[in-house]
Amino acid sequence: MSTAATAVASQAAAGNEVMIELAGVNKWYGEFHVLREINLSVHRGERIVICGPSGSGKSTLIRCINRLEEHQKGRIVVEGIELTNDVKNVDQIRREVGMVFQQFNLFPHLTVLENCCLAPIWVRKMPRAEAEKIAMHYLERVRIPEQARKFPGQLSGGQQQRVAIARALCMSPKVMLFDEPTSALDPEMIKEVLDVMVGLAQDGMTMLCVTHEMGFARTVADRIIFMDRGEIVEMAPPKEFFSNPRSERTKQFLSQILEH
Amino acid sequence: MSTADLPVVPVQQAPTVRIGALQWLRTNLFNTWYNAVLSVLALALICLVVERAVGWGLIGAVWSGPASACTEDTGACWAVLGEKGRFIVFGRYTYDEQWRPLVFLLLFVGLVGVSTFRRLWSKWLGLAWALGLIAMGVLMWGGVLGLRFVSHEDWGGLPLTVILAVTAGTFGFPIGIVLALGRRSRLPAIRAVSVAYIELIRGVPLITVLFMAAVMFPLFLPPGMNFDKLLRVVVGLMLFEAAYIAEVVRGGLQALPKGQYEAADALGLTYWRKTRLIVLPQALRLVIPGLVNTFIGLFKDTSLVVIIGLFDFLFGAKTALNDPVWRSAYIEVYLFVAAVYFCFCFFMSKYSQSLERDLQKSARR
Chain A
1 MSTAATAVAS
11 QAAAGNEVMI
21 ELAGVNKWYG
31 EFHVLREINL
41 SVHRGERIVI
51 CGPSGSGKST
61 LIRCINRLEE
71 HQKGRIVVEG
81 IELTNDVKNV
91 DQIRREVGMV
101 FQQFNLFPHL
111 TVLENCCLAP
121 IWVRKMPRAE
131 AEKIAMHYLE
141 RVRIPEQARK
151 FPGQLSGGQQ
161 QRVAIARALC
171 MSPKVMLFDE
181 PTSALDPEMI
191 KEVLDVMVGL
201 AQDGMTMLCV
211 THEMGFARTV
221 ADRIIFMDRG
231 EIVEMAPPKE
241 FFSNPRSERT
251 KQFLSQILEH
Chain B
261 MSTADLPVVP
271 VQQAPTVRIG
281 ALQWLRTNLF
291 NTWYNAVLSV
301 LALALICLVV
311 ERAVGWGLIG
321 AVWSGPASAC
331 TEDTGACWAV
341 LGEKGRFIVF
351 GRYTYDEQWR
361 PLVFLLLFVG
371 LVGVSTFRRL
381 WSKWLGLAWA
391 LGLIAMGVLM
401 WGGVLGLRFV
411 SHEDWGGLPL
421 TVILAVTAGT
431 FGFPIGIVLA
441 LGRRSRLPAI
451 RAVSVAYIEL
461 IRGVPLITVL
471 FMAAVMFPLF
481 LPPGMNFDKL
491 LRVVVGLMLF
501 EAAYIAEVVR
511 GGLQALPKGQ
521 YEAADALGLT
531 YWRKTRLIVL
541 PQALRLVIPG
551 LVNTFIGLFK
561 DTSLVVIIGL
571 FDFLFGAKTA
581 LNDPVWRSAY
591 IEVYLFVAAV
601 YFCFCFFMSK
611 YSQSLERDLQ
621 KSARR
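Chains as they are written, first to last, in my numbering: chain A, 1 to 260; chain B, 261 to 625.
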C-alpha cells in the first residue's frame, strides 16, 4: 500500500473521532519546564511519530498519556476519560493504553507466556486458558510463538522487544504508545521490531511513537511532530515535514539526522 | 571485498591445561623457599592439632559410665551426654513424656526436609504442614487423646528454641515486608510510622525488648488481664526481627529497576497486585543472602530468652552443668550444644545457596 493511500484510508476509517486530547498541557521538573503548552488531538486509527533532540520532552509527553508522569497544568482526555488524581480513572485509561519501552521492561522472573498473560488474567479477570490462547495469538503475530516457554533473559533484544509488544497487545489496547522502541537494539534487530510495528499500523491501530527511525516515520506516520525544548515546533504529514519544514529548528534537526 | 578472499578459520577447541598432583604441589606450595618452609610448618601444625583432637575426642574418650570413669588421664568425657543429654535437649519437660518433644522435633525436621524440594511444593505440602502443626501442638501440650497435659511453662530445651525461632521468623517476615513497603510508601504518614518503628526497634538491644515484653508490658495491662509469658516473648522476638527484615527487604526493593514498576503500572496492575506479582518475587530473590543472615541471627539470639526465665537449649546445658559430679565436663557439653546450633545454621545457609542457584537457573537475566 502506498503512503498516500494508507493516509487516505486511515483518515476515512478514523471518521475524525478524537481519542486523545491534550489541551494546554504543562509540566515542570522542579524549575525545569519540560512540557510547554502542548495542544494535540489524536484521532482513532491515526499514527503519529514524535521526534526531536534528546531532552526535548517527547518521552515525557507520551508518558503523561498513561500517567507514568503527572502533568501539572492543562487537560489530558483519553477515550473520554480525563486524567486526574482519581486512581480509578488512571487505572481505566491504563487498561486501554498499551506501552512499549526502550528497555523492554519484561518481567525477568516470568516466562514469555506468563508475561503476556499476567495483565489479562489479573486486570481483565480473564480465565487462564483464554488468556493463554490470546497470548499465543499475539506471539504468533510478532513471530515468536516458539519462545513462549522461555524466560526473557534467554532471548535476544529484538525478540524481547517483540514480546513486549505482544504483552501490550494482549490487553487489546485502543492506543499503543512506543517510547523509542528500537533505541536499545543492535542494528541488525531494528528491522524485525519495525516490521511488527508497520504491521500494527496497517491493521489500523492508533499509535503514538517516539522514534528516530525516519524511514519508519516516512512510510507509516499520518503526522510527524517535531519537539524542541518542551514545545511542539512543527506538526505535519511526512511529505510536507521532510520536503518543506517551516521552522528553522526543524530544518536544522533534519539536516543533522539525515546527513548520514 | 568478496568472501572468497578470506580464508575460513576453522572452529578450534580451547587449549586444555592438565596439572598433576605433584605439579600442583610444586606450583602452589613449594614454589619458593619461604613458601616451602611455611608449607612444612603448616602441615606440622595441622598434624599436631588433628592428632590431639582425635586422641582426646575419640581414642581416649569415655563413652559411657558414671562420672568417676572420667579422670585426668582419659580424654573427652562423652558419658556426660548419655547422662545429661535428655535434660539438655528437652529441659524440664516431664521426664516420662519426653518422647513427645522428640517426635515433635522429628516431625518438624521431616517437614522442613520435604519442603526443601521445590518440586514437591503443592497444596498437599501445605496440607501436610497444617496437619503437622496441629500434631505438633497436640504433642507438646497434650491434654487430648489420652496424652497428659504439659503446661508450656515446662517446655524447654531444643523444642523451645525451635518454637521461638520459627514462630518469630514466620510472623516477623510478613511484618518486615509490610514495613519495608511502608518505608517506601508515597503517603507521608505511613512512611513516617514505618521509619519510626524500624529505627526505634533497631536502636535498642534485643534484651531490652525481651524485658519490656516480659516485665514491663504486664504493668500497663489492667489488673486481672494477663497474656502468657511465652506468647509475649514470641511477640517481642517477632517485632524485633521484623525491623531487621524490613531493612533487608528494602534493599531488594531499591535494587529493582524502575522500569519494572513502570511496566506493571502501564499494564494497569493495582498497587497490591504489582507488589505481589512483580515487585516482591524479584526483590525477595535478590535479598536471599541477607534474609538468611537475619534468620540465622534470630535462631542464635533466642538463647537470650534465658534472662527472662525461659528454659532454652543453651540454658539447659548450663543447668545440667550445675550438677557438681559432671561439672568438669563443660567442654564436652558446650561442644555438643555448639554442634547442634551449627547443624541448624549450616543447613539454613546451604539451603539458601541451593535456592538461589535454583531461582537463578529459572530466570537468567
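Hint data in this document are derived by calculation from the structure and do not stem from the laboratory.
Some hints could be false.
Claimed, not checked - Once the Cα atoms are required to be at most 25 Å apart in a straight line, the calculated DSS-like pairs of lysine-lysine come out as:
1) 534(B) <-> 133(A)
2) 578(B) <-> 560(B)
3) 125(A) <-> 534(B)
4) 88(A) <-> 578(B)
5) 150(A) <-> 191(A)
6) 534(B) <-> 174(A)
7) 383(B) <-> 125(A)
8) 251(A) <-> 239(A)
9) 560(B) <-> 610(B)
10) 88(A) <-> 73(A)
11) 578(B) <-> 150(A)
12) 125(A) <-> 174(A)
13) 150(A) <-> 560(B)
14) 560(B) <-> 88(A)
Stated by the list, open to error - According to the in silico footprint, chain B covers these stretches of chain A (three or more CB under 8 Å from chain B):
15) 136-147
16) 181-191
17) 239-245
Just so you know, these numbers come straight off a predicted model, no measurement behind them.
Cβ atoms here follow ideal geometry from the backbone N, Cα and C, with glycine treated the same way.
*Which numbered hints fail*: Result: hints 4, 11, 13, 14, 15, 16, 17 break, sorted rising.
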